[in-house]
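So the sequences go chain by chain: A and B.
Plus 16 on top of the position in the first sequence (first one is 1) and you've got the numbering used here.
Plus 38 on top of the position in the second sequence (first one is 1) and you've got the numbering used here.
Hints listed in this document are in silico derivations from the structure and should not be mistaken for laboratory results.
Each hint should be verified, as a subset may be incorrect.
[Claimed, not checked] Below, a list of computed lysine to any residue pairs in the SDA-like style, where the Cα atoms sit at most 20 Å apart:
#	chain 1	residue 1	chain 2	residue 2
1	B	Lys150	A	Leu55
2	B	Lys106	B	Arg60
3	B	Lys87	A	Glu119
Just so it is clear, the structure is predicted and the values come from calculations on it, not from any experiment.
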Amino acid sequence: GAGVSQTPSNKVTEKGKYVELRCDPISGHTALYWYRQSLGQGPEFLIYFQGTGAADDSGLPNDRFFAVRPEGSVSTLKIQRTERGDSAVYLCASSPQRTANTEAFFGQGTRLTVV
Amino acid sequence: AQSVTQLGSHVSVSEGALVLLRCNYSSSVPPYLFWYVQYPNQGLQLLLKYTTGATLVKGINGFEAEFKKSETSFHLTKPSAHMSDAAEYFCAVSARTGGGNKLTFGTGTQLKVEL
Numbered sequence: 017g018a019g020v021s022q023t024p025s026n027k028v029t030e031k032g033k034y035v036e037l038r039c040d041p042i043s044g045h046t047a048l049y050w051y052r053q054s055l056g057q058g059p060e061f062l063i064y065f066q067g068t069g070a071a072d073d074s075g076l077p078n079d080r081f082f083a084v085r086p087e088g089s090v091s092t093l094k095i096q097r098t099e100r101g102d103s104a105v106y107l108c109a110s111s112p113q114r115t116a117n118t119e120a121f122f123g124q125g126t127r128l129t130v131v
Numbered sequence: 039a040q041s042v043t044q045l046g047s048h049v050s051v052s053e054g055a056l057v058l059l060r061c062n063y064s065s066s067v068p069p070y071l072f073w074y075v076q077y078p079n080q081g082l083q084l085l086l087k088y089t090t091g092a093t094l095v096k097g098i099n100g101f102e103a104e105f106k107k108s109e110t111s112f113h114l115t116k117p118s119a120h121m122s123d124a125a126e127y128f129c130a131v132s133a134r135t136g137g138g139n140k141l142t143f144g145t146g147t148q149l150k151v152e153l
């Protein structure tokens with residue numbers, strides 16, 4: 017079956033603009049995660065959904081970042097008033113269960129460049 | 039709070055030589071432990087994980103790792119490196135309770151395999 021799909025694969029935007037990044041998880045996976053990977057760093061947790069609700073959004077850096085998962089499947093990460101420091105690869109992952117020992121399956125990421 | 043330290047951001051080995059990538063964690067309670075690999079232009083892929091039971095775990099592509107509680111370590115090894123092992127490797131942990139599968143990653147180790 018298909019893996020985790022993220023679109024677009026690359027996004028270049030001007031400082032101050034609004035962007036949306038989309039994640040299609042593996043069908044049937046109830047847990048969905050967003051991470052951000054800056055150059056030379058490991059992925060950093062942003063937000064975790066269990067079904068439609070955000071179970072943990074403690075990693076969102078500020079109120080310019082917001083994510084939704086209205087039907088418990090596709091998720092959109094939204095960034096308002098983008099800044100150059102937001103440039104990074106945004107990774108989405110899904111897993112079939114919410115338990116901590118379950119493998120998370122990652123998408124290839126969206127590379128966001130803010131110019 | 040949990041943290042992961044990967045010693046050596048770049049490791050270079052000869053083809054056929056032993057691969058040793060180091061990972062130490064800091065956590066008040068032993069967490070679940072993971073190694074992920076990231077090939078160029080691909081998503082993160084799970085190599086292996088330790089959750090419970092035998093402390094030596096075997097993963098894909100001939101890799102294995104040993105959980106040593108007394109040393110708070112989870113080093114990744116492979117007896118004989120292959121050119122195809124060249125990639126970036128990430129150690130990660132997740133809390134055993136309360137966090138879903140929210141992963142905390144190390145900064146990664148880039149493995150280079152030379153002829």
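Hints and how they fare:
Proposed proximity of Lys150 (chain B) and Leu55 (chain A) is supported: the alpha carbons are some 18 Å apart, at most 20 Å. Distance check on the hinted pair: Lys106 (chain B) and Arg60 (chain B) sit about 12 Å apart at the alpha-carbon level, within 20 Å; holds. For a cut-off of 20 Å, the pair hint linking Lys87 (chain B) to Glu119 (chain A) stands: about 8 Å separates their Cα positions.
Of the numbered hints listed earlier, not one is contradicted by the structure.
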